[in-house]
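S.K.: As a plain string of letters, each chain reads:
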Amino acid sequence: MGYERQPDFGTPATGSPDTVTLRIDGRDVTVPAGVSVMRAAALAGSAIPRLCATDNLSAFGSCRLCLVEVEGMKGTPASCTTPVAEGMVVRTRTQRLEKLRRGVMELYISDHPLDCLTCSANGDCELQDQAAAVGLRDVRYGHAGENHLGLSVDRSNPYFAFDPAKCVVCSRCVRACDEVQGTFALTIAGRGFASTVSAGQAGDDFLGSECVSCGACVQACPTAALQEKTVEDIGKPERAVVTTCAYCGVGCTFRAEMRGQQLVRMVPWKDGKANRGHSCVKGRFAWGYANHRDRITSPMIREAVDRPWREVSWDEALSFAAGRLKAIKARYGARALGGITSSRCTNEETFLVQKLVRAGFGTNNVDTCARVCHSPTGYGLKTTFGASAGTQDFDSVMQADVIIVMGANPTDAHPVFASRMKRRLRQGARLIVIDPRRIDLVRSPHIEAAHHLALQPGTNVAVLTAMAHVVVTEGLTDEDFIRERCEWDAYQDWAGFVSDARHSPEALAAVTRVPAETVRAAARLYATGGNSAIYYGLGVTEHSQGSSTVMAIANLAMATGNIGRAGVGVNPLRGQNNVQGSCDMGSFPHELSGYRHISDASVRALFEQDWGVALDPEPGLRIPNMLDAAIDGSFRAIYIQGEDILQSDPDTAHVAAGLAAMDCVIVHDLFLNETAAYAHVFLPGSTFLEKDGTFTNAERRIQLVRKVMEPANGPDGQGLADWQVTQALANAMGLGWNYTHPCEIMDEIARLTPAFAGVSHARLEEAGSLQWPVNDACPAGLPIMHAEGFVRGPDGKGKGRFVVTDYVPTDEKTGPRYPLLLTTGRILSQYNVGTQTRRTANVVWHDEDLLEIHPSDAENRGIRTGDRVRLASRKGETTLRAEITDRVAPGVVYTTFHHPGTQANVVTTEFSDWATNCPEYKVTAVQVTLSNGPTQWQEDYAGRAAGARRIAAAEPGE
Amino acid sequence: MSRAQRLAGIIAAHNGREGPLLPILHAVQAAFGCIDREAEAEIARALNLSRAEVHGVVSFYHDFRQSADPRPEVQLCRAEACQARGAEALVPAAEAAAGERVRLTVVHCLGLCSVGPNARVGDDLFARLDEVGLVRLIGAA
Numbered sequence: 035m036g037y038e039r040q041p042d043f044g045t046p047a048t049g050s051p052d053t054v055t056l057r058i059d060g061r062d063v064t065v066p067a068g069v070s071v072m073r074a075a076a077l078a079g080s081a082i083p084r085l086c087a088t089d090n091l092s093a094f095g096s097c098r099l100c101l102v103e104v105e106g107m108k109g110t111p112a113s114c115t116t117p118v119a120e121g122m123v124v125r126t127r128t129q130r131l132e133k134l135r136r137g138v139m140e141l142y143i144s145d146h147p148l149d150c151l152t153c154s155a156n157g158d159c160e161l162q163d164q165a166a167a168v169g170l171r172d173v174r175y176g177h178a179g180e181n182h183l184g185l186s187v188d189r190s191n192p193y194f195a196f197d198p199a200k201c202v203v204c205s206r207c208v209r210a211c212d213e214v215q216g217t218f219a220l221t222i223a224g225r226g227f228a229s230t231v232s233a234g235q236a237g238d239d240f241l242g243s244e245c246v247s248c249g250a251c252v253q254a255c256p257t258a259a260l261q262e263k264t265v266e267d268i269g270k271p272e273r274a275v276v277t278t279c280a281y282c283g284v285g286c287t288f289r290a291e292m293r294g295q296q297l298v299r300m301v302p303w304k305d306g307k308a309n310r311g312h313s314c315v316k317g318r319f320a321w322g323y324a325n326h327r328d329r330i331t332s333p334m335i336r337e338a339v340d341r342p343w344r345e346v347s348w349d350e351a352l353s354f355a356a357g358r359l360k361a362i363k364a365r366y367g368a369r370a371l372g373g374i375t376s377s378r379c380t381n382e383e384t385f386l387v388q389k390l391v392r393a394g395f396g397t398n399n400v401d402t403c404a405r406v407c408h409s410p411t412g413y414g415l416k417t418t419f420g421a422s423a424g425t426q427d428f429d430s431v432m433q434a435d436v437i438i439v440m441g442a443n444p445t446d447a448h449p450v451f452a453s454r455m456k457r458r459l460r461q462g463a464r465l466i467v468i469d470p471r472r473i474d475l476v477r478s479p480h481i482e483a484a485h486h487l488a489l490q491p492g493t494n495v496a497v498l499t500a501m502a503h504v505v506v507t508e509g510l511t512d513e514d515f516i517r518e519r520c521e522w523d524a525y526q527d528w529a530g531f532v533s534d535a536r537h538s539p540e541a542l543a544a545v546t547r548v549p550a551e552t553v554r555a556a557a558r559l560y561a562t563g564g565n566s567a568i569y570y571g572l573g574v575t576e577h578s579q580g581s582s583t584v585m586a587i588a589n590l591a592m593a594t595g596n597i598g599r600a601g602v603g604v605n606p607l608r609g610q611n612n613v614q615g616s617c618d619m620g621s622f623p624h625e626l627s628g629y630r631h632i633s634d635a636s637v638r639a640l641f642e643q644d645w646g647v648a649l650d651p652e653p654g655l656r657i658p659n660m661l662d663a664a665i666d667g668s669f670r671a672i673y674i675q676g677e678d679i680l681q682s683d684p685d686t687a688h689v690a691a692g693l694a695a696m697d698c699v700i701v702h703d704l705f706l707n708e709t710a711a712y713a714h715v716f717l718p719g720s721t722f723l724e725k726d727g728t729f730t731n732a733e734r735r736i737q738l739v740r741k742v743m744e745p746a747n748g749p750d751g752q753g754l755a756d757w758q759v760t761q762a763l764a765n766a767m768g769l770g771w772n773y774t775h776p777c778e779i780m781d782e783i784a785r786l787t788p789a790f791a792g793v794s795h796a797r798l799e800e801a802g803s804l805q806w807p808v809n810d811a812c813p814a815g816l817p818i819m820h821a822e823g824f825v826r827g828p829d830g831k832g833k834g835r836f837v838v839t840d841y842v843p844t845d846e847k848t849g850p851r852y853p854l855l856l857t858t859g860r861i862l863s864q865y866n867v868g869t870q871t872r873r874t875a876n877v878v879w880h881d882e883d884l885l886e887i888h889p890s891d892a893e894n895r896g897i898r899t900g901d902r903v904r905l906a907s908r909k910g911e912t913t914l915r916a917e918i919t920d921r922v923a924p925g926v927v928y929t930t931f932h933h934p935g936t937q938a939n940v941v942t943t944e945f946s947d948w949a950t951n952c953p954e955y956k957v958t959a960v961q962v963t964l965s966n967g968p969t970q971w972q973e974d975y976a977g978r979a980a981g982a983r984r985i986a987a988a989e990p991g992e
Numbered sequence: 005m006s007r008a009q010r011l012a013g014i015i016a017a018h019n020g021r022e023g024p025l026l027p028i029l030h031a032v033q034a035a036f037g038c039i040d041r042e043a044e045a046e047i048a049r050a051l052n053l054s055r056a057e058v059h060g061v062v063s064f065y066h067d068f069r070q071s072a073d074p075r076p077e078v079q080l081c082r083a084e085a086c087q088a089r090g091a092e093a094l095v096p097a098a099e100a101a102a103g104e105r106v107r108l109t110v111v112h113c114l115g116l117c118s119v120g121p122n123a124r125v126g127d128d129l130f131a132r133l134d135e136v137g138l139v140r141l142i143g144a145a
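Protein sequences, first through last, are from chains A and B.
Positions 35 to 992 (this note's numbering) are the ones given, in order, by the first sequence.
Positions 5 to 145 (this note's numbering) are the ones given, in order, by the second sequence.
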């Protein structure tokens, strides 16, 4: 595609199935009922001049350029605010209108700098286009009068600038911030000629305001008043490629706007079904890491981890790695090898890594980072519903009447979906937040939760069981739904269990610390409020009872009939862009693609025949077990693609010991991450901009990732995308793979995986995106699952199953030495362990991890905001700065884990989910005391990491 | 009572009624002589609005001040009807009388079009002003 703007129809679609026929400029036009005259004209291919209208914002009617004449109506109504009517006769181009428009435009231009030739929006400016469209030739008023020229430019935001001289006060930015993003950070200050766009209050700039830098205002601006700094620096893009964001599980579609091989900007694509034209600060702006000077672009090897790295050719690195792998396999057997697939890489790449491990290494020791995030989701939803995935598409939230957000912080971790949710909440949906911390959704401009259940960390199951108790004992269940779709016996067992008086909110309040009345009110609202949907995150899964919590959620949804239609459902908010996909692709040690158990001989036979090898029927090791086995000496080599387990996995010291015990650690990544300190081989990775493939987001939506530039990890044209590197490693081990494009890998996935049978890159190209399953039963994919019934069992026709979830307190308990509970989370501007976002200007918002502590806990420790404090658990200790806030309850402290200097996981424990080993990140008993400097671990670590990153200087040429 | 307590009291007195923002802004202005940055932020927090929204409203109305001005104020109507009845001719003398001591502000219509020129001091309206009357009014403000 070249660089043309996406079509803009001026005002939003109505989605009405009814149509209306009207006459515009002598042509009969049939359009959906309720649309504006402006949109009708645009649909018919003619463009009414406009400045303040754009089709992702409701009509405003302020610019007075879009005036039209309508027979039978007085004056010249604005076409953006005038709805169509049957038989309406509209004229958009009369002499009177042309004169009016020219007069209006003349006034705009009399207060606008005439520097078009040197303006960064030259050639991409709606004001320029509209001046041309109305035929403006001169400005009778001159430019000497009162004006806004020469006002100072606000450059405080790292990614965009605001130049008030170029502003036409159309309010598009203000409305985008309100309607699309829902932050309300902008306003028009003053009145009349003195009106100006203001971020926050007088004295604020963009950075100091409530702005979250989502970019919606910049996208909405018709001039260069709000402009990306990259466009100022580089110039207008010349082509655009539609691709999928590689940050979180929302899976936003973007136009990567390019100049040659240089990315100029990322602009959200209006036709993206996950994001509907919206973005957040990460996907929109934080892509500078792709060219950061820390990025490693040459393969490197070293004999031992205390030696400096040596830059070598691809061939040398691959044969070194293959040689070590083969030697270890020969000496210790296949089960001494293993691999970790990446939720940041494509489905195709993930599939290849697990294929390399299973077919090449000859073991099932493959796991993925979902182990540490949503593995309980997979287990819990498979057990209850029969499918390891969320039930809805994101659009579904717009039909929800009651929304439960549990253990998730969507405005920070899934911001684009949060904006949709907030839009629905502003329309009147009710919100229940179940979270130990007062997240922004509990109360922020125009949003207020009906109930906030600020539970004690680790008591999720107790709270949900108490809610179920209320639903069952107060007769709020949907018995017809349960009888028709669920196993009745299992339901009765469960109903009997939850009805027991010891599961009443009153009885459980002692452990959950949530007032019984609040639990009762929330349960009644969920059961009786109309369409009720549950959205949850890692605050549900990362517990010793993570799987139980997921099943308790599923029980609640089935008991109230909130499954199988739009507006309801059980929806895990996936952390990583492709964590759904990496699970789908068979990344778990016990499952082949499509969640089929490795012990199933018929499934195995399918793969064995296709791959021409025999597969081990025994499930392999999970990540923590691989590390344990490494310390025991039975596990010796690992290939890690795109994951930093040293920083992201719990109990850092244990991870480090496991890695240090291995003979061959191969890290395949963009940067020398923390794990690479223990690596012998470093294979430089490629970014999502440098490869083709697919990502699958939290709504099971498979979307194409398109290569927009050549991989930087080799001379032009010789760089390798990650799938090519894995293939090269496989071939160095003698496997003889010859994929020439990721679409061939997808064909293999489709061939071997029933849920993906209908997926191919060609189909995705045509459909834009597909939500699995895509097969003969659902050729166009499935936006909402379980509409007809649940899909349990081998035949996929089994009924929904209620599972008794007994609350078992975690072994991690507070006591005199560790009296506080630590829970962890994320912040908007940083992503996961920060490997990418720390290498962008996003650090202006968050350059260190802070410890949130309640004023009463702080006071009796003598801690003030900004003090450096020591955070210690029985596992380890670290130091960081404190922030005093009542967002956390007394007895609870909270921090983020974005910065390696803090290493929050030094203090987290080895406890994990009983079913899936998902670590219990969210509950650690800790003590907090004043400190005056970094801990020994932090000091040692900084030195060790610097040492491990040494790269030997190239030898001088002869 | 501290400033914060007085502000909280004003907000509490109006919060809960429909459209509480303007009554709160009037009461805050009356109590403190202005609606400053901190008051805007506190009102925003209480009403669950953004700081920008409250600032947008405060800055829209001429009657709301963002910083206090202890000088007495005389509002002189200079809308069409008062102009027709000779208000413009009074301006130089009024400005001279006001000097720096009195804040002479322009308003557009006090609703007494048939008896202009008109002015307002506090809640009192003055009609049929001539130069002498207006200068005396300003002098007494």
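Honestly, the hints are just simulated from the structure, not real lab data.
Where is the CB? At the ideal position from N, CA and C, for every residue including glycine.
Treat the hints with care, as some may be off.
Pulled from the structure, derived: some chain B residues nowhere near chain A, Cβ distances all over 12 Å [claimed, not checked]:
hint	residue
1	76
2	109
3	119
4	140
Stretch-level coverage of chain A by chain B, calculated; a stretch enters the list once three of its residues show a Cβ under 8 Å from a Cβ in chain B [as the list claims (entries may be wrong)]:
hint	stretch
5	236-245
6	358-370
7	724-735
One side only, chain B facing chain A, incomplete, derived with CB under 7 Å [unchecked claim]:
hint	residue
8	9
9	52
10	55
11	84
S.K.: Hint by hint, say whether it matches the structure.
M.R.: Hint check results:
With a cut of 12 Å on Cβ distances, residue 76 of chain B stays outside the contact zone with chain A, its closest approach being about 25 Å. Residue placement check: residue 109 of chain B keeps its beta carbon more than 12 Å from all beta carbons of chain A (closest about 15 Å). Listed as outside the interface, residue 119 of chain B is consistent with that label: its C-beta sits roughly 28 Å from the nearest C-beta of chain A, beyond the 12 Å cut-off. With a closest Cβ-Cβ approach of about 33 Å to chain A, residue 140 of chain B is found to remain outside the 12 Å limit, as its non-interface label requires.
Counting residues of the stretch 236-245 of chain A whose CB lies closer than 8 Å to any CB of chain B gives 5, which reaches the minimum of 3, so the coverage claim holds. Beta-carbon proximity to chain B at under 8 Å applies to 0 residues in the stretch 358-370 of chain A; the threshold of 3 is not reached and the given coverage is violated. Coverage of the stretch 724-735 of chain A by chain B is violated [criterion: at least 3 residues with CB-CB distance below 8 Å; count 0]. A least Cβ separation of about 19 Å between residue 9 of chain B and chain A goes past the 7 Å threshold, and the interface hint is therefore violated.
Here the hint on residue 52 of chain B is kept, as its CB sits about 6 Å from the closest CB of chain A, short of 7 Å. Taking 7 Å as the C-beta cut-off, the interface hint given for residue 55 of chain B holds, the closest approach to chain A being about 5 Å. With a least beta-carbon distance of about 17 Å to chain A, the hint placing residue 84 of chain B at the interface is violated under the 7 Å criterion.
Violated hints, in rising order: 6, 7, 8 and 11; the structure is consistent with all others.
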